[in-house]
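One line per chain: the protein sequences are Y and V, in this order. Under my numbering, the first residue of the first sequence is numbered 1, with each subsequent residue one higher. Under my numbering, the first residue of the second sequence is numbered 1001, with each subsequent residue one higher.
Accuracy of the hints is not assured; some may be wrong.
Said to hold, decoys possible - As a list, the in silico DSS-like pairs of lysine-lysine whose alpha-carbon atoms are at most 30 Å apart:
| # | chain 1 | residue 1 | chain 2 | residue 2 |
| --- | --- | --- | --- | --- |
| 1 | V | K1063 | Y | K137 |
| 2 | Y | K137 | V | K1134 |
| 3 | V | K1203 | V | K1063 |
| 4 | V | K1074 | Y | K137 |
| 5 | V | K1203 | Y | K153 |
| 6 | Y | K235 | V | K1134 |
| 7 | Y | K4 | V | K1203 |
| 8 | V | K1063 | Y | K235 |
Derived from the structure by calculation, the hints contain no laboratory data. As the structure is a computational prediction, the values presented were derived from the model and not from experiment.
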Amino acid sequence: MWRKLNRLRTVLAPVILLAAGISATVYFVENATPMAARLLVYPNVLRVLGQHLLLVAVSSLLAIAAAVPLGIIVSRPAFRPVAPAIEGIVNVGQTVPSLAVLALFMTLFGLGFQTAVFALWLYSLLPILRNTYAGMKSIGPEIIEAARGMGMKAHRILRRIELPLAFPIIMAGIRTAVVINVGTATLASFIGAGGLGDLIVTGISLRRTELIYTGAVLSALMAIFFDDLLARLEKYV
Amino acid sequence: MIRLENVTKRFPGQDHPAVNNLNMFIPEGEICVLVGPSGCGKTTTMKMINRLIEPTEGKIYIKGQDTATVDVIKLRLDIGYVIQEIGLFPHLTIAENIATVPREKGWPRDLINQRVDELLTLVGLAPEKYRRRKPADLSGGQRQRVGVARAMAADPPILLMDEPFGAVDPITRARLQNEFLEIQAEMRKTIIFVTHDIDEAIKMGDKIAIMRDGELVQYAPPGELLSSPADEFVERLLGPNRTIKRLNLIAVREALRCDLLPAVPGHLSSEEARPLLKGSKLNVLAVVDSRNSLTGFVRGEQLKNNHAGPVAEIAELSSNVIAAEATLNEALSLMLGCGSQFVAVVSKKGEYKGVVTLGSLLELVREDVKEDVA
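Kindly generate the complete structure, drawing on both the sequences and the hints.
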């Protein structure tokens, strides 16, 4: 009985999330106070939602494309001497506040979508890189030795042995990065890149809580949605 | 089959070479055990054969071909490799693990599946039960078996084994060793076997290479090693009970005496059996049935009672019976265990073969020593 319910829950999770998002939006839009009502209309909410999705998707995909190969390269024996240094840089980089990162790149590259994507990309690199490296390092040296000793070529060992074994840890890094990314992307509003942050920032300045709620609830649901999606992807692969 | 010529390995930053000017020949179909304390260079020597470690100087030939001139992947695909930690791939099934080398060699799928089942059966794991399991579902001994099966998958002529039975309990280890020797008796692979356990070396090796500080101290068959160790180091390594260990190398079959314990057909009466006692120095007769299977023993005193029926009725079966394939060491401990002067020897089918007594055992060991001195 509980098992069945549990399975139903995993199957229905995206549907439930979608329903929650739609009903929250409808509730806030229909109950908007006059001053917020001008902003809180369906086309506007859809537009910032789309912007947000695009920011997160583009920066995350680029981060995966860069950080996974980099993590693999750093884990190779040739890089063993510099690996601790790179790990150190990555860990320190993670401690810089995200707002500061955005502001810094605004002064360098100006306002807009590209700057926001770049800053989000940079910020997402770190968890993915760190987990890829950790995942590759977590593989017992005897496993690699057995594979080499039996005559597997280096690229075959990587594809058939190392990557499958490191995959769950790499995926955990990607999920962390994407969840953080969804939250951080609300700050993109400050440099004019749009997104759900627009609703929150305007809500703060106009002191309209329904605006803040709409932005916050939608971005939270989006984070959960992506996390769930990636978990599914991991199981499927 | 395998020849090492002036092979030396120096690791960067170390004054003393790990392996120093090693010369060795390993004949086809034999198990050569490299043994010595840790750091003696035995594993390094083994790994130079499949070029996981490249020698600094010297050459290694396999079937007359210099291994340095062979493509390293091709070289390794034709050499089975088993290590102590086994290194099974945890994300792959047992079948996929075993199929590693055939797959790398591009065998067709049907042939691979067939070979996997064959090997699982060979190492005593039921294919339909274990094929789809993951390494984590197996016990230590079963994993070792899979490790050996994986190394033999593509039927390589050479096997390198680095403490392959090191990570299991002593009982399982002894069983794995026996099973492996049985497999080897049929396969006749050329095997380099690394261990730090001298008893394992004596049991497994056709030849034993004793190494110390990167040098070969003695290279000889186990019997020769035990009877004439080259120096004090080898003597220490072999331990104080060398004579007892030599008993491990002699099969019961070789010390068999047929005259000391005559067999008597079970249907004879006591009276008919009594004259046979004269031939028995032990004052005991072995009672056998029509198929010459041992059914029990009857003592001289029992026959004096003039029991009316056949001797089979008064025969008593005791536990001092041993298989012809067992070693003299096992026969000796059985004698000590039962407090008996002799053990009866039977074939695999249960046929009565003869007897080994404490006296015949002593004689044999003494003769052996004399031979070595001469």
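Now the hints, each set against the structure:
1. K1063/V with K137/Y: Roughly 38 Å separates the two Cα atoms, so the pair is violated.
2. K137/Y with K1134/V: Given that 30 Å is the threshold and the Cα spacing comes to 22 Å, the pair holds.
3. K1203/V with K1063/V: 27 Å, holds
4. K1074/V with K137/Y: Holds, at about 28 Å.
5. K1203/V with K153/Y: 36 Å, violated
6. K235/Y with K1134/V: 17 Å, holds
7. K4/Y with K1203/V: 57 Å, violated
8. K1063/V with K235/Y: Violated, at roughly 49 Å.
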